[in-house]
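The listed protein sequences correspond, in order, to chains L and R. For the first sequence, the residue numbers in this note's numbering are 12 to 183. For the second sequence, the residue numbers in this note's numbering are 45 to 334.
Derived by calculation from the structure, the hints in this document are not laboratory data. Cβ coordinates follow ideal geometry from the N, Cα and C atoms, glycine included. Keep in mind that a hint or two might mislead.
[Stated by the list, open to error] Simulated restraints on C-beta separations:
| no. | chain 1 | residue 1 | chain 2 | residue 2 | range |
| --- | --- | --- | --- | --- | --- |
| 1 | R | D299 | L | K97 | 49 to 57 Å |
| 2 | R | G287 | L | P162 | 53 to 61 Å |
| 3 | R | T72 | L | L142 | 25 to 33 Å |
| 4 | L | I101 | R | T304 | 33 to 41 Å |
| 5 | L | I17 | R | P98 | 18 to 26 Å |
| 6 | L | L158 | R | K61 | 27 to 35 Å |
| 7 | R | L70 | L | L131 | 20 to 28 Å |
| 8 | L | F136 | R | G73 | 25 to 33 Å |
| 9 | L | P104 | R | G260 | 50 to 58 Å |
| 10 | L | P162 | R | L237 | 52 to 60 Å |
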Amino acid sequence: MKRGVITAFLILICFLLQCTVFRFLAFGGIVPNLLIVLTASFGFMRGEKTGLVIGFFCGLLVDIFFASVIGYYALLYMYIGYMNGKFSAIFYPQDIKLPVALILCSDFFYGIICYVILFLLRSRFDFVYYLRHIILPEIVYTIVVTLLLYPLILWINTRLERGELRSGKKFV
Amino acid sequence: MSPIVKKKGEKFTLPSKYLLFILTILCTGMVLLTFNTTVFSGPLSAVAGYTVVPFEEGISVVGSWLSGRSDELASIRDLITENEMLRSKVDELTIENTRLQQDRYELTNLRQLYNLDNQYDEYEKTGARIIAKDSGNWFYSFVINKGAKDGVAVDMNVMAGSGLVGRVVAVGPNWAKVKSIIADDSNVSAMVLSSSDNLVVSGNLKLYNSGVIEFGQLIDSDNVVVEGDKIVTSNISDKFLPGILIGYVNTINSDANNLTKSGYITPAVDFEHLEEVLVIMQLKQNVTEE
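The following block holds chain R by itself, in its conformation from the complex (with noise of 0.2 Å):
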């Protein structure tokens, strides 16, 4: 060892004025640079994968432990009688289904003859936990705990139950985060079930509480439309596989302009309490990749 130790009081230390100055043009560097790329976000989203979601997990898991045993005391007596009601459901579906297979069947055969292609029921889909959601107000996005080790890409879509809930907007080794239809940011190309009439689906931070989604650019000149259509998304839409159920027209209004059509969707997922998500493991095949 040296006999000339540094002195801690002598350590150099930059200004705190300095330090704000380099770390604001560091920061305009990375938003300018993320903006469009995605230069950064491969070993940061690595280091904060194997630091941060580890915990995130965990909590989550306790979490939703938590709030499930609590619901289960509260409902054991309604499952009662449900289940008795059930039981009875069953036979009866059993009969139903045993006629629907060959129905199926038949329909099978059918689509091979029109070589129709796959409904997304037959994607392939992987499950996948949210473990964190957004830290602040403002939008609501979420995190999973699947990412591109299990084969997770980034704009691959995301359902729950049989709805849209979003899509992949960035992956890490471990998580990937998601951006769900209902975020103030957010517009998914749809179009309506019956008419094939192509719309946009736009979220918004004031409808959050209503339960509803926007949407608008509706051109429905022969007024077919009605309330409680299905809104599927549309096959012109870039990011998103089509016929995707997204949910249920609830009113409809013409616009100023009488050309055009806007007004409220339900969609088909509940929100409010989403644990768990599929993330469909096919992307929308794009012009370009063929």
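One chain only, chain L, in its complex shape (with noise of 0.2 Å):
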């Protein structure tokens, strides 16, 4: 319930970011995509499910605001949570360089998919513009707001989980 609750707020939170105060902090009309890190950092935290969960939560929060169809943004960011997720595996809280290319891999599996989908299909076929223009400038962003973001995520996580340990729940 309470870890419910907080992640809930954290995708408000983030999702208000994304498209508030970080469009006054843009370089050159680029804004990182914090709801990438988050479904992500789920992702390869909690498995599978937790990530394909949030991934579907962010999605359609875009898609009500933003986008032109209802669903397509949940069905990308889920799968990007869900593949995620198959690397809790190997996770280790300690290291930062799994996260890291995740969510740059993720990034850049988003940026491919929305030139595909939104760009390609209407005849835009001037991939590597959009590739140096959009795509690669947001990833950069990313990861640099990762490096903040990503951290304090994982700290929200580690208090939950020795809250729920504590209280001996078993984990979901």
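Two chains, two frames, a set of hints: combine them into the complex.
Written out as structure tokens, the structure reads:
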């Protein structure tokens, strides 16, 4: 219950930051993708199921406010969360290389899928331009933000897990 | 309380594979359903409107207050000199204004005589504040703080200053989503004010940074359209009210087919620093509605 409330709160905060505060801090019109960081982190910290559920809700929020159809971003974020969950077996909290690499791959995957579905299918063929001006800058900015945001998410997660252990609950 | 208490560990749990499968079906279903209809948008946008929008509004108020303060400090010196200049200009303009008012009086009379319809400055408008911008980097849409409760409806035109910004594509109870004319997937039917030639204005992600938008399919066999011509929304558009300024022709080129022309337009609106917009509370009249 406590975990649910805190996670919902985190999703809300990240979404709000991404579409308000970071719009003021955008470099060349590019904002970092905090929701990817959140989805991927919970994916490899907590496993496939948590990853996909959090991804689903992150995506749904984006869908409602900014997409032309409902379900597209939910699907995309959900699969990103699920795939990150596959790596939870080799995740150790002390190691920062794996999280950064996974978030980098996730954001790259997100960019490629967005390009293919939203642009390539409308015959915008200049992939190199979009790669250099949208996808790569977004990845770089996201990674920079990850270095600040990820320790915070990790800290919240370890606090929650410690609390759950103490109250004798089993992991879901 | 029954003595058989459900233990936490015995709770039925769905394997993640199946959950993924179910949610994938659900999402695909929703995509297909919402592609042409607006089944879910009502309840979903209502829920989102009451949970997210109040926060967005708060943050954007604080944010614009802060950026406003920093702008103020930077420009106070400029303002002093500008103020003096403007004072003298005010006197000048007051004289001109009285003269123009007389002309206007005459114009109104003549309009009534000709039964001309309203110009767009006479449409009923409502001001709204931008509270969130697109969370991704691919499109340019934003959310405003007025919704169905304030009378905003889908397809209403949105302006800032004197230029066209876009149109409302979705509404919640207290928010509305606006797709701008510079978004990559937006097309606006427009015309050249001077020659009434029709053309299509389309947004392009590649041109965001250069501050222009594309136009195409302009048939101008007499070569009368020149750089600097005003482009306004056309009267054959089924979403946009006629005669709203879009921008000015920046460059113009002949297409390879030698029949049509295309080029770039400098928009009349500064999309970089958009904070407040005006929603025109009137919808384009459609033939079917009559």
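Now for the hints, and whether the structure bears them out:
1. D299(R) <-> K97(L): 49 to 57 Å: holds (50 Å)
2. G287(R) <-> P162(L): 53 to 61 Å: With Cβ atoms ~55 Å apart, the hint holds.
3. T72(R) <-> L142(L): 25 to 33 Å: holds (28 Å)
4. I101(L) <-> T304(R): 33 to 41 Å: Violated: the Cβ-Cβ distance is about 58 Å, outside 33 to 41 Å.
5. I17(L) <-> P98(R): 18 to 26 Å: 20 Å Cβ-Cβ, so the 18 to 26 Å window holds.
6. L158(L) <-> K61(R): 27 to 35 Å: At 33 Å between Cβs, range holds.
7. L70(R) <-> L131(L): 20 to 28 Å: holds (26 Å)
8. F136(L) <-> G73(R): 25 to 33 Å: holds (31 Å)
9. P104(L) <-> G260(R): 50 to 58 Å: At roughly 55 Å between Cβ atoms, G260(R) and P104(L) fall inside 50 to 58 Å, so the hint holds.
10. P162(L) <-> L237(R): 52 to 60 Å: holds (57 Å)
Violated hint for the displayed structure: number 4, the only one.
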